[in-house]
Amino acid sequence: MSLNTFMQHLSNGLALGSLYALIAIGYTMVYGILRLINFAHGDIFMVSTYIVFYSVTLFLMPWWVAFVVAILLTGAFGILVERLAYRSLRNSPKISVMISAIGASYLIQNLAIVIFGGRPKAFPIPEFFNKVVYINTISIPVANFFIPGITIAALVILLYIVNKTKTGMAMRAVSRDYEAARLMGINVDTIISITFFMGSVLAALGGIMWGIKYPNLIPLMGLMPGLKAFIAAVIGGIGNIKGAVVGGFLLGMSEIMLIAFLPSMTGYRDAFAFVILIVILLIKPSGLLGENLAEKV
Amino acid sequence: MKKENKIRIGLIILVISILTILNFTLGNYQLRILNLAGIYVVLGLSLNLINGFAGLFSLGHAGFMAIGAYTSALLTMSAAQKQSNFFVKPIVPWLANVELPFLPAMLIGGIVAAILGALIAAPILRLRDDYLAIATLGFSEIIRVIFTNTMSLTNGALGLKGLTRYTNVQYSWGIAIITIIFMFSLRRSSYGKAFMAIREDEVAAESMGIALFKHKLLAFTIGSFFAGIGGALLAHLMGTIDPLMFRFLMTFNVLLIVVLGGIGSITGTVISAVVVTFSMEALRFLDGTINLGFMVIESVPGMRMVLFSILLMLVVLFYQNGLMGRDEITIESMRRFYRKNIKKGAKS
Amino acid sequence: MKRIALLLVLVLILSIPLTACQSENGNAAADSDVIKFGVFEPLTGANAAGGAMEIEGIELAQELYPEVLGKKIELVIVDNKSDKVEAANAATKLVDQDKVNAIIGSWGSSFSMAAGPIVMEAGVPAVGTSCTNPLVTLGNDYYFRVTFIDSFQGVVMANYAFTELGATKVAIVQEISNDYSVGLVKFFTDEFVRLTGDPDSVLYVANYNTGDQDFTAQLTNIKQLNPDAIFAPGNYSESAMLIKQAKELDIKAPFLGADTWETPEFIDIGGSAVDGAVFSTFFDSQVPLTPESEVFINAYREKYDKEPASVTALAYDAYILLIDAIERAGSADPEAIKEALAATEGFDGAAGVVTLDENGDAVKNAVIKTVQNGEFTYLTTISPQ
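Residue numbers (my numbering), protein chains in the order written: chain A, 1 to 297; chain B, 1001 to 1348; chain C, 2001 to 2385.
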């Protein structure tokens, strides 16, 4: 493999990895606070891309207005999903909550098929993002510069909110023990709503970036990115925001490198992500950056 | 013989005779649904064993079904059928001329699924709850991707066609009844009690001297065996299989049955398997144009699935324990019910 | 008590199919002045898009030709949920409950294969729309299709690559989880190797799974091999993404594909990147192949205000072929329809002239088209040897 080819793979891996990372941050946030695998995260992500699509094609908004509208509406949609599907189950066994999460995801997909129709739609890409930059023979679409930037920015802002603000402190308290948090005067419901809002805003950001890079909208499009982002979050240590970014980069990079170095294994790519997941779970179940929580007796 | 046992045997004979009558009177469509219901009973009970008895949240059922389905299909297909199926890449020579009757092929399918289940479970069983769920989901996806890629073994995406459709009511419900009896006796045995102790509290169970790993592995292996059998039955009901049949959606269907019936309840699972299979078909009218007499609702394809997902959410949110919770309909419980409600009603 | 209430509701739901079945059974037998066509398509699930496009064609055909032999035609549309088990249920319902005279469907060979043994046993003829897997009709006298199968398209495109493009080295990208793509790649490879006489003329076969969005790794591998052409048959939306990413990676080799690409979304999603992509198909909305094509295209544009997809034309053809068969048979008896279908020769469909061979597969001309300035453009017509 020539150096140029390798650099091209590296650049591809970086772009894919930062996209996974961006979606994984939202995933991991919700898990960190609620200990709940939000299976509907991928579908919230899907909804955001359709909001952009309809804002631009139906309501003729300029793209940046459409992006803002999509981010806000998706955040509100996330709060709605939490209210309807998760709130009443907060003290139920884990299996019930997980089944509810799977059920919610299934319902959103089926509704999307009825409302949006099954035929693919083309994401309206702003002209600016359609350009490609060439460095030597390595080609980098403009979007590939933005995605890592947005991922890092999201990471920094989120770390700030969680660690330095009052809301963040309340979030951390809720994640430790929400009964105790409630006794300390924290409004647990509000904090959880805020968490879902932020998680869904991140899903929307990821959705928009995804749409710019892969402008193919279908109602089931959230499934695979959702799973991959979840795997990324587990690799990094689920619940850990920095871990999600590390996990996302690692997963994207290793998927690309698998094909780069073992060209005959392309058909196994989706299985490979799961293989990484299982290996990580076996070696270090708490993930690369996760804390080791002993089982409470 | 104890009176209870007499009633039990009587009940089984009654069920078998009802099924025999149905076998001759029902049309093909109802028969197919009846067969499917029997298969879903087997699948539901096997997942119920893993999820409900032992409390291991597994999402890998479709993978084990795929193994059972493919193993049995490749064993029952004639050499000529295999040759015409594998037109892209020839089948591996050691499988080309094997041809077995259905029953042994199905059992081998179950055994292979059980062996793979045990191999997969051994390393991941120490994971808990949602981690285990995701790891098993991962394995079932890995199995599907492998089956898609190994063209000379499974024919890849082209699938297998032309399997003799052996599955009839005798097979599907015969095996369903055997599974029901097996599950009841397993639960009454010391193994079953150990499973449930683990489900309630692992640490307490371990300190009582229950070998955690051995029992979890056992539950998982038996569950995989029956999943494999269910897959084999399904393959020979359909007459054709391909890897896409065994997506996560398949696991979801089975999980739905277990949840609706009540996780941990055998009779609940059986009832819900039958009800879900039939109502999926019953709700078909929702996809068409509905004429209510006073108004006509234009057909919206997909309404059936939307309604079905809403029904599921309602049950999960408001009837968290499903139909039966962990209770059972047994002869004893019916007697109690009769004494409590009906006799009292008669007196007053 | 809650539990008993739930149980009661469930029993009620359960009783619907049983009661409903009985009334339907009674109706079907009496309703001899209506001819029923069963349609089973994926209306929900992963293949909902395909199903929706085909339903458009079938419904349009029914609007134009609502009657045959003086009897009204009724469509019984059922959803197979993009699920093989459901497809078999749906097909059984059509033949057993609705007592349809013939069946149309489905998008996706997998679902048609599930229906195969059912229609054969019931003796009801089925006309496949876009299912191209050779196994669908193989050994089944009751399954026909209006599309040609992969072998012919694979050969056509291999010839195009070799003679028109002068390619001697090609790379292939196949959608490994899609039987359509896998079959095409096999026939293309066989023919291309035969033409070049070089067993190594296919440099590399890269795979992807249905639903994948990122192909940059596969494409970067292909780029360094520098092939003369890239054969990439597959689903139109994935293919459009693939070509778009290839252009971003500055891959200059032309992309070759097959009939699925003729869908407006292929250009919507691919944008200017798909300009120059060449594919084989059976239908052209600019240069009508038959008088029927013109009827179809005009009616379609009027009804939906857009260009039809190729599978829509196929679904339309399935319907009018059944009408034609019933007219030729002079009867709507399923057995008679089957005999008439098997004898189909030189039938003018919207998607070309159809002759059915001994397997029930359509033999028809292939049209080679390309994308130019965001429009599908006719290149040439190739007839089967």
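These are calculated hints, taken from the structure and not from any lab test. These figures come from a predicted structure and were not determined experimentally. Mixed in with the good hints there might be a few duds.
[What the hints assert, rightly or not] Some, not all, of what chain C presents toward chain B, calculated at C-beta under 10 angstroms:
no. : residue
1   : Asp2083
2   : Asn2089
3   : Ala2122
4   : Asn2133
5   : Glu2164
6   : Leu2165
7   : Gly2166
For each residue, glycine too, the CB sits at the ideal point set by N, CA and C.
Status of each hint after checking the structure:
no., hint, verdict
1, Asp2083, "holds (7 angstroms)"
2, Asn2089, "holds (6 angstroms)"
3, Ala2122, "holds (7 angstroms)"
4, Asn2133, "holds (6 angstroms)"
5, Glu2164, "violated (26 angstroms)"
6, Leu2165, "violated (25 angstroms)"
7, Gly2166, "violated (28 angstroms)"
Checked against the numbered hints given earlier, the structure breaks hints 5, 6 and 7 and satisfies all the rest.
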